[in-house]
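Heads up: the sequence lines are chains A and B, in that order.
Sequential numbering from 3 applies to the first sequence in my numbering.
Sequential numbering from 3 applies to the second sequence in my numbering.
Keep in mind the hints are simulated off the structure, nothing from the lab.
Computed from a predicted structure; not experimentally measured.
Hints are supplied without guarantee of correctness; some may be wrong.
With a cut-off of at most 30 Å between alpha-carbon atoms, the simulated BS3-like pairs for lysine-lysine come out as follows [unchecked claim]:
| no. | chain 1 | residue 1 | chain 2 | residue 2 |
| --- | --- | --- | --- | --- |
| 1 | B | 125 | A | 125 |
| 2 | A | 489 | A | 436 |
| 3 | B | 161 | B | 100 |
| 4 | B | 15 | B | 165 |
| 5 | B | 480 | B | 436 |
| 6 | A | 100 | B | 335 |
| 7 | A | 100 | A | 125 |
| 8 | B | 100 | A | 335 |
| 9 | A | 450 | A | 436 |
2 protein chains.
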Amino acid sequence: MFQEAELGHRVDKRTFDREAAPLRLALLAAQQRLREEARTSVVLVVGGVEGAGKSETVARLNAWMDPRHIETNGFRPPTDEERQRPPMWRFWRVLPPKGRIGVFFGSWYTDPIVEAVEGPRRKRARAALDGRLDDILRFERMLADEGVLVLKYWLHLSKAAQKARLEALARDPRTRWRVTRQDRDRLASYDAFVATSERALRRTSRGHAPWIIIEGTDARYRDLAVGRSLLEALEARTGREPASGRPARRRLPVGAPDVDRRTVLSALDLSSALPDGRYEAALERWQARLGTLLRDRAFRTRAAVLVFEGVDAAGKGGAIRRVTAATDMRWVKIVPVAAPSDEERARPYLWRFWRHLPPHGTVTIFDRSWYGRVLVERVEGFADPEHWERAYGEINDFEDALVRHGTVVVKLWLHISRAEQLRRFRERARTDYKQYKITAEDWRNRRKWPQYEQAVCDMVERTSTRVAPWTLVAAEDKRWARVEVVKTVVRRIEAALDGA
Amino acid sequence: MFQEAELGHRVDKRTFDREAAPLRLALLAAQQRLREEARTSVVLVVGGVEGAGKSETVARLNAWMDPRHIETNGFRPPTDEERQRPPMWRFWRVLPPKGRIGVFFGSWYTDPIVEAVEGPRRKRARAALDGRLDDILRFERMLADEGVLVLKYWLHLSKAAQKARLEALARDPRTRWRVTRQDRDRLASYDAFVATSERALRRTSRGHAPWIIIEGTDARYRDLAVGRSLLEALEARTGREPASGRPARRRLPVGAPDVDRRTVLSALDLSSALPDGRYEAALERWQARLGTLLRDRAFRTRAAVLVFEGVDAAGKGGAIRRVTAATDMRWVKIVPVAAPSDEERARPYLWRFWRHLPPHGTVTIFDRSWYGRVLVERVEGFADPEHWERAYGEINDFEDALVRHGTVVVKLWLHISRAEQLRRFRERARTDYKQYKITAEDWRNRRKWPQYEQAVCDMVERTSTRVAPWTLVAAEDKRWARVEVVKTVVRRIEAALDGA
Numbered sequence: 003m004f005q006e007a008e009l010g011h012r013v014d015k016r017t018f019d020r021e022a023a024p025l026r027l028a029l030l031a032a033q034q035r036l037r038e039e040a041r042t043s044v045v046l047v048v049g050g051v052e053g054a055g056k057s058e059t060v061a062r063l064n065a066w067m068d069p070r071h072i073e074t075n076g077f078r079p080p081t082d083e084e085r086q087r088p089p090m091w092r093f094w095r096v097l098p099p100k101g102r103i104g105v106f107f108g109s110w111y112t113d114p115i116v117e118a119v120e121g122p123r124r125k126r127a128r129a130a131l132d133g134r135l136d137d138i139l140r141f142e143r144m145l146a147d148e149g150v151l152v153l154k155y156w157l158h159l160s161k162a163a164q165k166a167r168l169e170a171l172a173r174d175p176r177t178r179w180r181v182t183r184q185d186r187d188r189l190a191s192y193d194a195f196v197a198t199s200e201r202a203l204r205r206t207s208r209g210h211a212p213w214i215i216i217e218g219t220d221a222r223y224r225d226l227a228v229g230r231s232l233l234e235a236l237e238a239r240t241g242r243e244p245a246s247g248r249p250a251r252r253r254l255p256v257g258a259p260d261v262d263r264r265t266v267l268s269a270l271d272l273s274s275a276l277p278d279g280r281y282e283a284a285l286e287r288w289q290a291r292l293g294t295l296l297r298d299r300a301f302r303t304r305a306a307v308l309v310f311e312g313v314d315a316a317g318k319g320g321a322i323r324r325v326t327a328a329t330d331m332r333w334v335k336i337v338p339v340a341a342p343s344d345e346e347r348a349r350p351y352l353w354r355f356w357r358h359l360p361p362h363g364t365v366t367i368f369d370r371s372w373y374g375r376v377l378v379e380r381v382e383g384f385a386d387p388e389h390w391e392r393a394y395g396e397i398n399d400f401e402d403a404l405v406r407h408g409t410v411v412v413k414l415w416l417h418i419s420r421a422e423q424l425r426r427f428r429e430r431a432r433t434d435y436k437q438y439k440i441t442a443e444d445w446r447n448r449r450k451w452p453q454y455e456q457a458v459c460d461m462v463e464r465t466s467t468r469v470a471p472w473t474l475v476a477a478e479d480k481r482w483a484r485v486e487v488v489k490t491v492v493r494r495i496e497a498a499l500d501g502a
Numbered sequence: 003m004f005q006e007a008e009l010g011h012r013v014d015k016r017t018f019d020r021e022a023a024p025l026r027l028a029l030l031a032a033q034q035r036l037r038e039e040a041r042t043s044v045v046l047v048v049g050g051v052e053g054a055g056k057s058e059t060v061a062r063l064n065a066w067m068d069p070r071h072i073e074t075n076g077f078r079p080p081t082d083e084e085r086q087r088p089p090m091w092r093f094w095r096v097l098p099p100k101g102r103i104g105v106f107f108g109s110w111y112t113d114p115i116v117e118a119v120e121g122p123r124r125k126r127a128r129a130a131l132d133g134r135l136d137d138i139l140r141f142e143r144m145l146a147d148e149g150v151l152v153l154k155y156w157l158h159l160s161k162a163a164q165k166a167r168l169e170a171l172a173r174d175p176r177t178r179w180r181v182t183r184q185d186r187d188r189l190a191s192y193d194a195f196v197a198t199s200e201r202a203l204r205r206t207s208r209g210h211a212p213w214i215i216i217e218g219t220d221a222r223y224r225d226l227a228v229g230r231s232l233l234e235a236l237e238a239r240t241g242r243e244p245a246s247g248r249p250a251r252r253r254l255p256v257g258a259p260d261v262d263r264r265t266v267l268s269a270l271d272l273s274s275a276l277p278d279g280r281y282e283a284a285l286e287r288w289q290a291r292l293g294t295l296l297r298d299r300a301f302r303t304r305a306a307v308l309v310f311e312g313v314d315a316a317g318k319g320g321a322i323r324r325v326t327a328a329t330d331m332r333w334v335k336i337v338p339v340a341a342p343s344d345e346e347r348a349r350p351y352l353w354r355f356w357r358h359l360p361p362h363g364t365v366t367i368f369d370r371s372w373y374g375r376v377l378v379e380r381v382e383g384f385a386d387p388e389h390w391e392r393a394y395g396e397i398n399d400f401e402d403a404l405v406r407h408g409t410v411v412v413k414l415w416l417h418i419s420r421a422e423q424l425r426r427f428r429e430r431a432r433t434d435y436k437q438y439k440i441t442a443e444d445w446r447n448r449r450k451w452p453q454y455e456q457a458v459c460d461m462v463e464r465t466s467t468r469v470a471p472w473t474l475v476a477a478e479d480k481r482w483a484r485v486e487v488v489k490t491v492v493r494r495i496e497a498a499l500d501g502a
């Protein structure tokens, strides 16, 4: 979930200066439209890890827009008056009216997350956190139903970046005051804090109240990203559709906006390769380990689901064969996912995947999967936005159910460059026995490369979770990719059995 | 929540025979339309207390409709195959396809409720139950989003009726086999079972997947009620709107259908009265007790919210004055609820009530309340159905937040007959100083008496909960009503302070 926000996004000063000016004008215009229409109020939650620049971001938004129509609410320990009412009262009392933006710097998320990390034992229980998150879900659903635009920004720092940031602040006498004792404690519990936050964000990111995760390492990147995302959301919610005269479409941003062209895909090192001499030995070694692992006594009460997705011609089939070669085919089932059958089409989308779940001691390999909905169906328009947008949450719920039952979920995205894909397509077209593998559809998909890239990045951001992370595999070199795939499967199953 | 289903609903044999025949034909026609359109599948959950006739109801539905297109799924302890998959797998595998009805006799609710009552301690925790209910909520939301019609029938018996039913079954040698050891245990834990069920139903009854509670004491009433409600839902979901050509409206039933004209309001004994000689003394006694109670040390860290609703001219104002007469006005605030202000209209509906929540040691009296949304706004069409339908859930969440914070919530509905209202209206019109109290609007509301009655019954069914029950007060005799009101307030606050 935070992968995208640990890529080291940066924007240089010149770019920032060039882009900030028009952004600011557009934000002011959108804010004015919001005010004049007086139809929607905006609840803007700013959360994130310590040192990621929450306060600076709020200051920047106030500087960029008309601060008279922004209400900024910071929350300190509750007052007497507040303590005498239910916990949500302090937030209700400052809800902005229609036409205005309420910034919640600290929010209803702060206490549940902090207490789940540092609180007394009973509050650290997962069920306790989940209960509070569900109250929040209902609250935000109600806000959205009442026409409030709910936007939640999470400013993220990698552990290394947080440490560096706090050290830099502490070194400078002018900023030392910013670093509190609490900040230092938070650094010590970074991992627990991030794991809990991930759970909170994942369960509460909905189409009507999305979390947008922004890397906070570089202030210029951060401010541009938040500003652009806010602008996009305001523009989606104000103004009228030209034809219908009805309020504009209600879709909200799915992920962080593209500010510096860095993505989880562009950050992948496609030059990774294995020299001839080492491939066979490495592959055999990992295959042997996989074979042993699946015969392990501990695996008899577990199961594994392997999801293979990737660019066309990235070599999914070959990689799958390298996995199955290591295993007894009685214990492995390959489910190729193409167009659904009549029976499948007549039932809820995930039914076709539930029916193939592995019994104990076995592995199901999905050659393409439920992610079709947020990839091909999204890009080709086979699914309405309302369908694929809610699919992220449904998929997370589905995988969560698997993992809670003890199933290991391994998700692999095989990636190649656009040029390499062209080379492989041409080779397939030239080679008799490979011609069946290349169709007009492949060429059509290829023309939509940028849309697919966007869909993949959103997918990783929304569905790469601690319990079921995505592994992106550089597949420019097939041998490298195959070893990486088998190795990933081994490591993930090993980790699961160790943890049991 | 179960008040309506403990009224002793009955249908005599003649009425049943007269009504069952056309109902059956209409159900068959609706079922055929469902099949031909093949656009929607129906998931029909049948749950309820032991002995309320779940099995008989399922048999009746199969007899009334074409059983070839109904898939009835009973659930026994999970099989080997099922245990090796996540718990929801057994339900996924039998989801009906479009055009068909799947009856779930026993369902995803069975385990969570039974374990919350009888399970090991960690499963009896409220947070554990809530966590499972939230998984269910997401599952049903997904079904509804995928176009499945989700209907949930809860067959209820009062404790006395359950006991009588089990005894009757056990006496007859032909039916003795039906009474299991488990049934007897359930009777012993009736209260815990019903309290847990209420929580489960309340949290999972949504517009897109409502619980419909039906009294199971009388088989004829029960079967007609379930049949009619199912018919209503099928007709709402099949066929097309004449004008638009779009699928029909998607509204589902809110409560049990009216089969025998018995409601919580018709069951109220309006002849209750206090003789002259006893009124003053009784009132003073309860007022004194209330005054003492509000000065109690224990009340200093609590608060109370009193909700007054009722038929026009039922005497809310007079009753409120009898409450305030007992108290120090520094500690009581009366909030008359009329049309919202500009400020209030610019914010989510409940904001205007949150802002008046009492601090510790005080009482807020709402003269009319948030229930306006499901009463006047519903009946007069000021709120769209989608708004007032979701209001039930929002109101329950709101009151739940109050109660969890330690606030006592007392909700009073003052009721008079239509004839008595007419008498009071005429008297007001005749009396100079009372003329201001009667407006054209009152006469207009009066003409919609049946619609208001329906709205009140739905409100009681959906929002009368263990933590915040409705008290219906017979107000035909004003003195009786006033004493009842003060007494109810005293008893509810006393119970809360005792429980603290």
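So, going through the hints one by one against the coordinates:
1. 125(B) with 125(A): holds (16 Å)
2. 489(A) with 436(A): holds (28 Å)
3. 161(B) with 100(B): violated (39 Å)
4. 15(B) with 165(B): holds (24 Å)
5. 480(B) with 436(B): holds (16 Å)
6. 100(A) with 335(B): holds (28 Å)
7. 100(A) with 125(A): It is violated: about 36 Å lies between the C-alpha atoms, which goes past 30 Å.
8. 100(B) with 335(A): Cα-Cα ~28 Å, so holds.
9. 450(A) with 436(A): Distance of about 23 Å is within 30 Å: holds.
Comparing the model with each numbered hint stated earlier shows that hints 3, 7 do not hold.
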